[in-house]
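Residue numbers (this note's numbering), protein chains in the order written: chain A, 10 to 273; chain B, 328 to 700.
The set of hints was computed from the structure by calculation and includes no laboratory data.
It cannot be assumed that every hint is accurate.
Claimed, not checked - Result set (DSS-like, lysine-lysine): computed pairs, CA atoms no more than 25 angstroms apart in a straight line: (1) A:K58 with B:K371; (2) B:K426 with B:K371; (3) A:K265 with A:K246; (4) A:K246 with A:K268; (5) A:K117 with A:K210; (6) A:K210 with B:K337.
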Amino acid sequence: MKIVVCIKQVPETNDVTIDPVTHNLDRRGLAGVMNPFDKNAIELALHLKDSTSDDVQVALLTMGPDDYAESLREGMAMGADAGYLLSDRAFAGADTLATGYVIAQALKKIGDADLILFGRQAVDADTGQVGPIVAEFLHQPQITYAASLRLSGKNEVTAERLLEDTKQTLVAQLPAVVSVRSELNTPRYPTPRNIQLSFEKPLTVWHHDDLDLDDSRLGQAGSPTIVTKVYAPKPVKRELTPLTGTPSEAASQLIKALKGRQLI
Amino acid sequence: MPATTAAAEKLLLQMVDDYTAREISPEDMPMDAAGDFPAGFMQKLTDTGFLGIMLPQEFGGAGFGPEVTAAALNHIARGNASTAVTLEGHFKTIDQILKFGTPALQKQLLSSANDRIFAFSMTEASGGSNPMGISSTATREGDHWVITGDKIMITNGGLAQVYCVLVKTAPKELSVFVVDQDMPGFSFGKREDFIGLRGTPVGEIVMDHIVVDDDHLLGKLGDGGIIGDSAHDDARILMGAVLTGIMEHELKIATDYAKERKAGDKPLTELQVTHRKVADIAMRKETTKLLYQRAAQLKAAGQPYSEEAAMAKAHGSRAAVSAGDDTLQILAGYGYSREYPVEHLIRDARAMEIAEGTVEKMRSAIATAEFNK
Numbered sequence: 010m011k012i013v014v015c016i017k018q019v020p021e022t023n024d025v026t027i028d029p030v031t032h033n034l035d036r037r038g039l040a041g042v043m044n045p046f047d048k049n050a051i052e053l054a055l056h057l058k059d060s061t062s063d064d065v066q067v068a069l070l071t072m073g074p075d076d077y078a079e080s081l082r083e084g085m086a087m088g089a090d091a092g093y094l095l096s097d098r099a100f101a102g103a104d105t106l107a108t109g110y111v112i113a114q115a116l117k118k119i120g121d122a123d124l125i126l127f128g129r130q131a132v133d134a135d136t137g138q139v140g141p142i143v144a145e146f147l148h149q150p151q152i153t154y155a156a157s158l159r160l161s162g163k164n165e166v167t168a169e170r171l172l173e174d175t176k177q178t179l180v181a182q183l184p185a186v187v188s189v190r191s192e193l194n195t196p197r198y199p200t201p202r203n204i205q206l207s208f209e210k211p212l213t214v215w216h217h218d219d220l221d222l223d224d225s226r227l228g229q230a231g232s233p234t235i236v237t238k239v240y241a242p243k244p245v246k247r248e249l250t251p252l253t254g255t256p257s258e259a260a261s262q263l264i265k266a267l268k269g270r271q272l273i
Numbered sequence: 328m329p330a331t332t333a334a335a336e337k338l339l340l341q342m343v344d345d346y347t348a349r350e351i352s353p354e355d356m357p358m359d360a361a362g363d364f365p366a367g368f369m370q371k372l373t374d375t376g377f378l379g380i381m382l383p384q385e386f387g388g389a390g391f392g393p394e395v396t397a398a399a400l401n402h403i404a405r406g407n408a409s410t411a412v413t414l415e416g417h418f419k420t421i422d423q424i425l426k427f428g429t430p431a432l433q434k435q436l437l438s439s440a441n442d443r444i445f446a447f448s449m450t451e452a453s454g455g456s457n458p459m460g461i462s463s464t465a466t467r468e469g470d471h472w473v474i475t476g477d478k479i480m481i482t483n484g485g486l487a488q489v490y491c492v493l494v495k496t497a498p499k500e501l502s503v504f505v506v507d508q509d510m511p512g513f514s515f516g517k518r519e520d521f522i523g524l525r526g527t528p529v530g531e532i533v534m535d536h537i538v539v540d541d542d543h544l545l546g547k548l549g550d551g552g553i554i555g556d557s558a559h560d561d562a563r564i565l566m567g568a569v570l571t572g573i574m575e576h577e578l579k580i581a582t583d584y585a586k587e588r589k590a591g592d593k594p595l596t597e598l599q600v601t602h603r604k605v606a607d608i609a610m611r612k613e614t615t616k617l618l619y620q621r622a623a624q625l626k627a628a629g630q631p632y633s634e635e636a637a638m639a640k641a642h643g644s645r646a647a648v649s650a651g652d653d654t655l656q657i658l659a660g661y662g663y664s665r666e667y668p669v670e671h672l673i674r675d676a677r678a679m680e681i682a683e684g685t686v687e688k689m690r691s692a693i694a695t696a697e698f699n700k
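Could you build the full structure based on these sequences and the hints that come with them?
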């Protein structure tokens, strides 16, 4: 079985600025760390690897500048077998669609991935879109926000999908794309020994010419997203009406208020 | 430094910081109050591979060098000095087995050093800084050695499973043997109730006619003094790193508080009296850091480092106590309260003016080294 976990390196600080021209996050010069949610995806892959005697290969894939290799090494120190870095100036400025396109093309080149995992979203841009976009490019079934996942058959996974107000149990045929929630597991720490040994594992860097790409779909030019303005929403001041008296009186007041607003 | 080495160091320290923030630092105050670490704490530390940071890869460890190992303890000590000192006691013992053990003894002992805690014991009721004052003996009986005696105030005493013990093999001959807790005749004695580093077990072992073969002798007969000095040197570098970590913790407490607190209308950060204290804490921290890093560099390069290691501990221990005192004064009543960690950081630092050779002994060693130049 081959599992590919797609990860992202994000700024270590929350104190990011906005590029005044593109209105995108300006990550230049900021120290990076692996997106915390992606560690849950790696942990799931390693758990699946640990819990079977079958040969399970776990590879990591990311797109970004050369220093994104640090996050790949960290994931390999956790236990992944290999890493792929997609790095080229032509990929810079990509939105989620252009990013998903390049990642999907890289996944085609890696080939034969039974399961492609993502963290639920990146903590810097918070979109959670790249996983679903990759699934569409690959024409594969997708499950997002998985809070549990198990191999339920030879070519099948069963996942519990946790949404704000509901839980769904979904079954998908492999190969499939799954994004996972942090409730799924507690990621392991890389051990000091595995940190050293991670530098003996293969890390492949693919540039533009290593992939089969349509240049019109790359980078900023290939990104239909236009960020016109970025701002923090103003806090909404809500009117509070205290409920008073006994619990019974308070309940009556609440029902009256809800009826008055035609909510019940 | 090769690129992969630098990258591995960065990744290690990132992991150490993460683990310390989540698992070690939150236990700092509870450990001080309880005088022990919580159940499962050491097992988790072991399972995460901390015991093998400097253990060579051939024995199942990570094989990080002296500079990175010291840096790792420095980072741990920022959140919890006791845990860093427990690892220091383990690492200095492994170092002596690597320096003086035969390949067979190394293989026998070190293949488990990723999972078992080691300790080095010299002190006895009759002798601490004066090793010739000890009473423990190893006596030749047929093909074996019979070891008898009590060792006290052992860092990790009662926690460690493997002990290097300094004994007399002749009236004026000191040697080191390796014993473990499963040997007949081995038992644990009293555990110390120290005022600082209360999360580091310090205790006694009793050796009542423990029988070992020649292969448990570390180095040669009569090497005890050399091995003991070497263990001190290695420990002192790591203690310099721990003391730097304590001062980094103190400096953070002092600056965080000064930024928030006002004296009258003025923030503490605008008062010269605060400036002087914070600057002194920062200078003490930085000089200790430079000293331990210099000693670790010399060790990594195969150069003599005994004097520099003594300087790191002698300077760093007083510096950390003084920095703690300045921090306490900035926090005033809060600093004097046990609700805040400052007073316990002072108690932790104070231990290192005594452990691994008193500061007085350090100064003698430094002065002697200077006279001999």
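Each hint, compared with the structure:
no. : hint               : verdict
1   : A:K58 with B:K371  : 22 angstroms, holds
2   : B:K426 with B:K371 : 29 angstroms, violated
3   : A:K265 with A:K246 : 23 angstroms, holds
4   : A:K246 with A:K268 : 22 angstroms, holds
5   : A:K117 with A:K210 : 22 angstroms, holds
6   : A:K210 with B:K337 : 17 angstroms, holds
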